[in-house]
Amino acid sequence: MGEVIVITSGKGGVGKTTTSANLGCGLAIAGKKVALVDADIGLRNLDVVMGLENRIVYDLVDVVEGKCRLKQALIKDKRYAGLYLLPAAQTRDKDAVSPEQMQKLCENLKEEEFDYIIIDCPAGIEQGFKNAIAGADRALVVTTPEVSAVRDADRIIGLLEANELSSPSLILNRVRPDMVDRGDMMSMDDVTEILAVDIIGVVPDDESIVVQTNKGEPAVTVESSKAGQAYRNITQRILGNDVPLMEFKQEESFMDKLKKLFHKG
Amino acid sequence: MITFVTDNDKKNAPLEDESPDVGLSQKGQPVEKIIEQAEAENETQINSENTENSENIKEKSVTEENIKDIIEKEFSMTEHTAKFHKGNLRNGMSLEYDGSLIILGDVNAGAEVKATGNILILGALKGIAHAGCKGSTEAFVFALNLIPVQLRIGNIITRFPDGDSKVNRKPEYAYVEDGKIYVSPFE
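Chains P and C, in that order, are what the protein sequence lines are.
Residue numbers for the first sequence follow my numbering, so the first one is 1 and each next one is one higher.
Residue numbers for the second sequence follow my numbering, so the first one is 1 and each next one is one higher.
Simulated from the structure, these hints should not be mistaken for lab results.
It should be emphasised that the depicted structure is a prediction, and the values quoted were computed from it without experimental measurement.
Among the hints, a few may not be true.
Derived SDA-like pairs (lysine to any residue); straight-line CA-CA distance at most 20 Å [what the hints assert, rightly or not]:
1. P/K11 to P/N108
2. P/K33 to P/M1
3. C/K86 to P/K11
4. C/K170 to P/S167
5. P/K11 to C/G92
6. C/K86 to P/L74
7. C/K170 to P/D190
8. P/K11 to P/D190
9. P/K71 to P/Q101
10. P/K33 to P/E100
11. C/K86 to P/D198
12. P/K130 to C/G92
13. P/K33 to P/N108
14. P/K11 to C/G110
15. P/K11 to P/E146
16. C/K86 to P/Q101
Facing chain C, according to a computed beta carbon distance under 8 Å, are these residues of chain P, among others [as the list claims (entries may be wrong)]:
17. A30
18. K32
19. K33
20. I194
21. A196
22. D198
23. I200
Away from chain C, derived, C-beta distances all over 12 Å, residues of chain P [claimed, not checked]:
24. G66
25. R79
26. D95
27. E161
28. I199
29. R237
Glycine included, each C-beta is placed from N, C-alpha and C at the ideal position.
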């Protein structure tokens, strides 16, 4: 039986869509059958990040309204067998779908023998959020090490717990190890102390994310990308494998080494 | 003295918002300064008209031994019910009770607790707590880590000094004396 995972955050722009795309690809690379569902009706992005925008014929709203069959709306990924995308409607808004309809949709997707169904939740705590979490079995909360994002994550975790999605896992995105070392940015420990939830992964701030997103190819596919490695690790943890958290060691530049030498003298 | 009720208790009626108008001028009593004052006046006069054993504690200096007595006699003299809440209160959650509240967990920033009696937090208080919310200035607020954004007791509102809220402080309690909110360590 498949597992429905909702990727949420409360605050916008922290990396929900990027995380959804990367984890979806990561799980597909691992040989699982994955459905990515874009629940951000009216502001769809996941299709663009996946590079599948030009293949959309039917969307999520068409499915729930019975205008097409579920299989017709699922777009097969161009790179990985077993990866499918259910895009959101762009010309409608969040009220076009009800939580009950989303629940039914998730059940139908499970019947299609998907191993993982990943739902990309919209920002906010209104209808779109309620729809996205309605059919979920498990939640991943994405946050960045900023007070505003952490506050919103706290609110979201509270709402998830109230909706019987207890013990969500946390993904700390866009961490800059150099700033953490200098004490200018919240560390992983600071964030987990505030939120009191398990952390499933720490993703470093990485230029390759922007490059890959613009290309329509998630960073998880790039071997050399640090963020991609972090997403590969999170994928392994979702699959139940125990992978240690990544250590970010700043590579010392030549100048740093020189400076150290002088300080010693 | 304290009786415990469950969540489902009918007594748990929503409180009327009786918060009296509080001028901003009263708000900004920097707590740090008040602590200094409190430490300076070692011979604290304790106003305990409503206390049964008032004679015993009048004009006693605040020492580690009698601080417990003060809490017991000064604050929790009125008989009222208390409610337990287990778990963290997260951003956006609020808890109100007609009586005292005991929270086994943290009160995060953005959360609000309101009680007509005392508030005891066995965790960190980072949000807003309002003890004695029907106007009783005899209520107190206790927390293992007292770093709220704002603290209200009765009709007095105080703002904590801006700055690093990460500092791990020792258990403290806040109470009202001479119309000001004081914070003292609990030892």
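Quick rundown of the hints versus the structure:
1. Restraint check for P/K11 and P/N108: the C-alpha separation of about 29 Å exceeds 20 Å, so the hint is violated.
2. This hinted pair checks out: P/K33 and P/M1 have alpha carbons roughly 11 Å apart, not beyond 20 Å.
3. Distance hint between C/K86 and P/K11 is unfulfilled; the C-alpha atoms sit about 27 Å from each other, more than 20 Å.
4. A C-alpha spacing of about 29 Å is found between C/K170 and P/S167, which places the hinted pair above 20 Å, so the restraint is violated.
5. Simply put, P/K11 and C/G92 have alpha-carbon atoms about 14 Å apart, close enough for the 20 Å limit, and the pair holds.
6. For the hint pairing C/K86 with P/L74, the CA-to-CA distance comes to about 44 Å; that exceeds 20 Å, so the pair is violated.
7. Of the supplied pair hints, the one linking C/K170 and P/D190 holds, its CA atoms being roughly 19 Å apart against a limit of 20 Å.
8. Our distance criterion of 20 Å between C-alpha atoms is met by P/K11 and P/D190, whose separation comes to about 19 Å.
9. Restraint check for P/K71 and P/Q101: satisfied, since their Cα atoms lie roughly 17 Å apart, inside the 20 Å limit.
10. Taken as a hint, the P/K33 and P/E100 pair is broken in the structure, with Cα atoms around 24 Å apart against an allowance of 20 Å.
11. Restraint check for C/K86 and P/D198: the C-alpha separation of about 19 Å stays at or below 20 Å, so the hint holds.
12. At most 20 Å may separate the alpha-carbon atoms for a hinted pair to count; P/K130 and C/G92 meet this at roughly 16 Å.
13. Proximity of P/K33 to P/N108 is assessed by CA-CA distance (about 14 Å); at most 20 Å being required, the pair is judged to hold.
14. Taking the CA atoms of P/K11 and C/G110, the gap is near 15 Å; set against the 20 Å cutoff, the hint holds.
15. For the hint linking P/K11 to P/E146, the alpha-carbon distance of about 11 Å falls within 20 Å, and the restraint holds.
16. About 34 Å separates the Cα atoms of C/K86 and P/Q101, which puts this hinted pair outside 20 Å; it is violated.
17. With its C-beta approaching chain C no nearer than about 33 Å, P/A30 sits outside the 8 Å limit, and its interface hint is violated.
18. Given the 8 Å rule on beta carbons, the hint for P/K32 is violated: about 32 Å separates it from the nearest Cβ of chain C.
19. Checking P/K33 against chain C by beta carbon gives a least distance of about 35 Å; that is not within 8 Å, so the hint is violated.
20. The interface hint given for P/I194 is met, as the beta carbon of that residue sits about 7 Å from the closest beta carbon of chain C, less than 8 Å.
21. A distance limit of 8 Å between C-beta atoms decides the matter here; for P/A196 the minimum to chain C is near 6 Å, and the interface restraint holds.
22. Residue-level restraint check for P/D198 is violated (minimum Cβ-Cβ distance to chain C is 14 Å; threshold 8 Å).
23. Interface hint status for P/I200: violated, as the beta-carbon distance to the closest one in chain C is roughly 19 Å, over 8 Å.
24. In this structure P/G66 is separated from chain C by more than 12 Å, as the shortest Cβ-Cβ distance comes to about 36 Å.
25. With a cut of 12 Å on Cβ distances, P/R79 stays outside the contact zone with chain C, its closest approach being about 39 Å.
26. In this structure P/D95 is separated from chain C by more than 12 Å, as the shortest Cβ-Cβ distance comes to about 22 Å.
27. Non-interface call for P/E161 relative to chain C: violated, since the shortest CB-CB distance, roughly 8 Å, does not exceed 12 Å.
28. Residue-level check passed: P/I199 sits 16 Å from the nearest beta carbon of chain C, beyond 12 Å.
29. Its beta-carbon lying about 24 Å from the closest one in chain C, P/R237 satisfies the requirement of being farther than 12 Å from that chain.
Taken one by one, the earlier hints fail for this structure at numbers 1, 3, 4, 6, 10, 16, 17, 18, 19, 22, 23, 27, listed in ascending order.
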